[in-house]
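**Q** If you read the protein sequences in the order shown, they are chains G and W. Per our numbering, residue 18 is the first one in the first sequence, and the count goes up by one each step. Per our numbering, residue 837 is the first one in the second sequence, and the count goes up by one each step.
Treat the hints as calculated values from the structure; they're not laboratory data. On a predicted model such as this, the values are computed, not experimentally measured, just so you know. Mixed in with the good hints there might be a few duds.
Stated by the list, open to error - Simulated pairs of lysine-lysine, DSS-like, Cα-Cα distance not exceeding 27 Å:
(1) W:LYS838 with G:LYS225
(2) G:LYS179 with W:LYS940
(3) W:LYS940 with G:LYS121
(4) W:LYS946 with G:LYS278
(5) W:LYS838 with W:LYS904
(6) W:LYS946 with W:LYS838
(7) W:LYS946 with G:LYS179
As the list claims (entries may be wrong) - Selected chain W positions facing chain G (in silico; Cβ < 8 Å):
(8) GLU846
(9) MET851
(10) ASP855
(11) THR856
(12) GLU858
(13) ARG943
(14) MET945
(15) GLN948
Even glycine gets a Cβ: it sits at the ideal position worked out from N, Cα and C.
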Amino acid sequence: METLSLILNWVAITIVAYFFVIITIYSMFFLLALKKIWKEKDIDPHEPIEDTIESVDTYPLSIIVPAYNEEIGIVPTVRSLLSIYYPEYEIIVVDDGSKDETSKRMIDHFDMVESSRAIRNHVVTKEIVGICQSTTVPHVFLVKKENGGKADALNCGINVSKYPYFCAMDADSIIERYALLKTMKPIMDSDGNVIVTGGTIRVANGCKIHRGSIEQVSPPKNPFAIMQVIDYLRAFLIGRISMTRFNWLLIISGAFGIFQKEWVIKAGGYRTTTVGEDMELVVRLHRLLKESKSKERIEYIADPVCWTEVPTTARVLRKQRKRWHQGLTETIFYHRKMLFRPKYKGVGMVSLPYYVLIEWLGPVIELLGYVLLVAGLLFGVIHLEVALLMFAVAFFYGTLFSISAVLLEEWGYKRYPKPWHLIKLFLWSFTETFWYRPLTVLWRVEGIISAIRRKHDWGDMKRKGVSSG
Amino acid sequence: MKKILIVDDEEVLRMLIADTLEDLGFSIEEAEDGEEAWEVIQKNSYDLIILDYMMPGMTGVEVLKKLKESTVKKDIPVLMLTARSQQKDKEELLAVGADYFMEKPFRPMKLQELVEEIFHV
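Please build the complete structure, drawing on both the sequences and the hints.
**A** Rendered as structure tokens:
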């Protein structure tokens with residue numbers, strides 16, 4: 018019994034040490050993000066638009082919206098995309114064999130007729146059943162295809178699209194009016210040397226939406242949704258801002274990203290055998306760039322925002338988080354050869370190892386920590402001091418960066434207009450360690466198990482139609 | 837707040853114009869044909885009328901003529917929406933008194949720029 022207790026105490030101390038390492042890394046990320054936001058804090062948000070508008074004509078864009086059973090949200094989403102401020106673009110909704118009336122709603126609302134548009138076979142996809150074009154707004158298209166999953170639908174959209182850049186976005190998200198222009202800016206400024214860009218995803222739950230636009234920002238009431246507001250702030254404002262600085266960014270969110278089509282085709286399009294097709298594509302592009310010794314970059318910019326509806330029940334959130342972690346596991350597995358290979362520079366030496374050791378392994382270690390903490394205290398096998406230290410580290414880790422992210426948001430972007438919005442976010446941050454974090458940790462570990470079993474689907478998220486109203 | 841009337845028989849286009857201009861802070865009213873448009877024009881005052889050229893029943897040109905003949909309403913600026921094939925009709929519209937033109941199909945960004953120019957935003 019004494020030997021067991023000794024081993025468990027040492028395991029607990031190792032876990033604490035592991036979390037100290039994570040806290041150190043996150044602190045560095047925070048400082049980098051702080052520096053970046055400090056530099057950009059006083060820039061007039063409209064200034065980039067004025068600069069960009071001069072040269073944007075040469076960067077026409079296809080917006081690809083993969084849709085599966087989106088009959089409630091699809092028309093408001095397209096409607097909101099129609100009033101986007103961008104000179105030349107087309108909207109391609111890809112109905113991935115929906116069982117509901119997704120296509121019918123599109124055809125009826127936008128007066129669509131069959132189109133004889135040419136399709137290129139850049140990437141092999143499931144068969145296209147038909148293409149329709151709106152008679153009233155001719156830059157709106159609908160592609161009906163056999164079901165093949167989100168990645169297959171995006172590939173199909175790439176085949177149908179006619180412009181050299183495409184924007185991949187979720188069917189139930191809202192892009193801010195100037196977001197495309199702002200997201201395109203790094204591509205234009207670099208004269209095409211930036212091949213992928215992505216903006217920030219924020220939580221639309223709780224916001225007042227009118228005619229497909231966010232009219233008033235406010236935090237949601239649902240506890241799961243409010244914790245995700247904090248989650249997203251932390252991921253985007255701390256993690257991605259610092260990663261992009263060194264061209265180490267491995268994720269451009271599937272909900273909103275702009276890609277140079279030529280490079281995506283060169284890479285073979287989205288991989289249909291993973292549930293994490295967004296991250297996998299970005300890692301594959303990095304791999305291709307490094308293997309072909311190209312100088313092109315992948316960038317994230319914080320200002321352009323896409324608002325999305327997040328799950329409000331434990332059941333749906335669990336499904337989503339499982340999928341995300343399964344996707345991460347699969348991506349790491351596919352590209353394991355890049356790990357610690359100097360040939361892949363920062364991506365192989367730093368960011369991929371970071372994702373393996375921190376993002377992927379983190380939940381396993383954290384879950385082990387929670388089990389040890391509870392079991393150790395119940396059965397008296399770990400010392401009270403060690404247990405308290407573990408709890409303190411978990412609380413510190415969970416809360417500190419959440420609060421920091423909320424502070425960064427307030428200081429740099431001020432999207433939440435009222436003081437009580439921030440107080441609410443602050444107070445909820447303190448509860449994270451006690452319920453939200455253990456749950457998401459558990460679900461992420463389940464994602465690893467799912468990856469091992471290799472099960473995947475669209476996720477069946479029940480939508481309320483975030484763009485409606 | 838500037839008030840704009842959109843007159844078009846196509847609901848999707850009315851919606852597109854309304855979404856674009858409402859975001860810019862304009863107050864929007866809609867009419868789906870010439871008759872309805874003339875009725876509301878007589879009752880209310882507008883800072884701009886966006887008028888589709890081709891409509892069943894009372895056409896855009898007829899609404900424009902009535903408007904420009906009216907002593908009270910003739911100063912309201914009118915932006916005519918025309919199809920590319922109707923280029924030759926532009927002269928007639930200009931003669932009747934159209935102030936601005938926008939060719940259909942159009943990108944909302946172009947409409948936004950034109951409306952901002954009209955109101956010197």
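**Q** Run every hint past the structure and note whether it holds.
**A** Here is how each hint holds up against the structure:
no.	hint	in the structure
1	W:LYS838 with G:LYS225	holds (23 Å)
2	G:LYS179 with W:LYS940	holds (21 Å)
3	W:LYS940 with G:LYS121	holds (25 Å)
4	W:LYS946 with G:LYS278	holds (26 Å)
5	W:LYS838 with W:LYS904	holds (20 Å)
6	W:LYS946 with W:LYS838	holds (19 Å)
7	W:LYS946 with G:LYS179	holds (21 Å)
8	GLU846	holds (5 Å)
9	MET851	holds (6 Å)
10	ASP855	holds (4 Å)
11	THR856	holds (4 Å)
12	GLU858	holds (6 Å)
13	ARG943	holds (6 Å)
14	MET945	holds (5 Å)
15	GLN948	holds (7 Å)
Every hint, counting from the list given before, is met by this structure.
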